[in-house]
Amino acid sequence: MKLQTKYFGEIDYEPSQALTFPNGLFGFEEERSFLLLPFEGSGGTMLCLQSTATGPLAFVLLDPFSLDGEYSPELSAAELEQFGAEDISKLCFYVLCAVKNPVSASTVNLKCPVVVDPRSGEARQIILETDRYGMRHPLSEFKREGAEKC
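Numbering (my numbering), first residue to last: 2 to 151.
By construction, these hints were calculated from the structure, which means they are not laboratory data. Predicted, not measured: the structure shown is a model, and the values here were computed from it. Just so it is clear, CB atoms sit at the ideal spot from N, CA and C, and this is done for glycine as well. Some clues are possibly wrong.
As the list claims (entries may be wrong) - Label-pair ranges, simulated between beta-carbon atoms:
#1 Glu15 with Glu142: 32 to 42 Å
#2 Gln83 with Pro103: 32 to 42 Å
#3 Arg133 with Ala79: 19 to 29 Å
#4 Gly135 with Pro16: 29 to 39 Å
#5 Glu41 with Gln5: 15 to 25 Å
#6 Arg133 with Asp88: 18 to 28 Å
Claimed, not checked - Okay, derived cross-link-like pairs now, EDC-like style, lysine to aspartate or glutamate, Cα gap no bigger than 20 Å in a straight line:
#7 Lys101 with Glu71
#8 Lys91 with Asp118
#9 Lys91 with Glu75
#10 Lys112 with Asp69
#11 Lys112 with Glu75
#12 Lys101 with Asp118
#13 Lys7 with Glu31
#14 Lys3 with Glu30
#15 Lys112 with Glu142
#16 Lys91 with Glu123
#17 Lys3 with Glu15
#18 Lys7 with Glu32
#19 Lys3 with Asp13
Can you build the whole structure from these sequences, using the hints too?
The structure is reproduced here in C-alpha cells:
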C-alpha cells in the first residue's frame, strides 16, 4: 500500500507492518493503526509513529532508555495481561516527544509511554502508576549517553 507521510513523503508498506492500538492514543482514540518508522541517523532511538489512516498525523517517539538509563516503567498485572505478557522484558517502550522551536524547549512524556508487543504488533499508551515521571520532562535535561534499547 502507498501512504503519504508527514516526514518521509510517499512510502510503500504492507498492512502487516502496522501496529494496532486497540484504544488509540490519548486524544486520538479513533486512530488505531500506525507505522513505526526510524528517522535516518538516529540509530533507532528516534522514531516516527505515523498514522496509516491520516497522512498528516505523526508523532515523534524516543527510546526512553537511551535518554535515561534509570528509566524503569512498571506495568500492573492487568496491563501485562492485555499484552499476554508475563513481564515487561518482552515489550518495547517509547515516549512521545513534543518537538518545539527551539528544539531545546522540547519535552518528553515519561509518564505515559507507548508500549509495543513486537510479537503481536499490538501497542497501547499506558499511564504509569508512579509520581516519579512527568508528562512534560524537558528533553534538554538528558545526557547523550544511553542504555540498552529494545
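Status of the hints after comparison with the structure:
In this structure the hint that glutamate 15 and glutamate 142 lie 32 to 42 Å apart at CB holds, the actual value being about 38 Å. Roughly 38 Å separates the CB atoms of glutamine 83 and proline 103, a value that falls within the hinted 32 to 42 Å. With their beta carbons about 20 Å apart, arginine 133 and alanine 79 fall inside the hinted range of 19 to 29 Å. Between glycine 135 and proline 16 the beta carbon distance is about 36 Å. The supplied range of 29 to 39 Å therefore holds.
Under the hint 15 to 25 Å, the C-beta atoms of glutamate 41 and glutamine 5, about 18 Å apart, fit the expected range. A C-beta distance of roughly 19 Å is found between arginine 133 and aspartate 88, which places it inside the suggested range of 18 to 28 Å. With a CA separation close to 25 Å, the supplied pair lysine 101 and glutamate 71 exceeds the 20 Å bound. The straight-line distance between the Cα atoms of lysine 91 and aspartate 118 is roughly 7 Å, inside the 20 Å bound, and the hint therefore holds.
Between the alpha carbons of lysine 91 and glutamate 75 the distance comes to roughly 13 Å, so the proposed pair stays at or under 20 Å and holds. The suggested pairing of lysine 112 with aspartate 69 holds, with an alpha-carbon distance near 13 Å, which does not exceed 20 Å. For the suggested pair lysine 112 and glutamate 75, the alpha carbons sit about 11 Å apart, so the restraint of at most 20 Å is met. The suggested pairing of lysine 101 with aspartate 118 is violated, with an alpha-carbon distance near 29 Å, which exceeds 20 Å.
With a C-alpha separation of about 18 Å, the suggested pairing of lysine 7 with glutamate 31 holds against the 20 Å cut-off. With a C-alpha separation of about 23 Å, the suggested pair lysine 3 and glutamate 30 falls outside the 20 Å cut-off, and the hint is violated. The straight-line distance between the Cα atoms of lysine 112 and glutamate 142 is roughly 16 Å, inside the 20 Å bound, and the hint therefore holds. With a C-alpha separation of about 12 Å, the suggested pairing of lysine 91 with glutamate 123 holds against the 20 Å cut-off.
For the hint pairing lysine 3 with glutamate 15, the CA-to-CA distance comes to about 9 Å; that is within 20 Å, so the pair holds. Among the hinted pairs, lysine 7 with glutamate 32 is consistent with the structure: their alpha-carbon atoms are about 15 Å apart, no more than 20 Å. Proposed proximity of lysine 3 and aspartate 13 is supported: the alpha carbons are some 5 Å apart, at most 20 Å.
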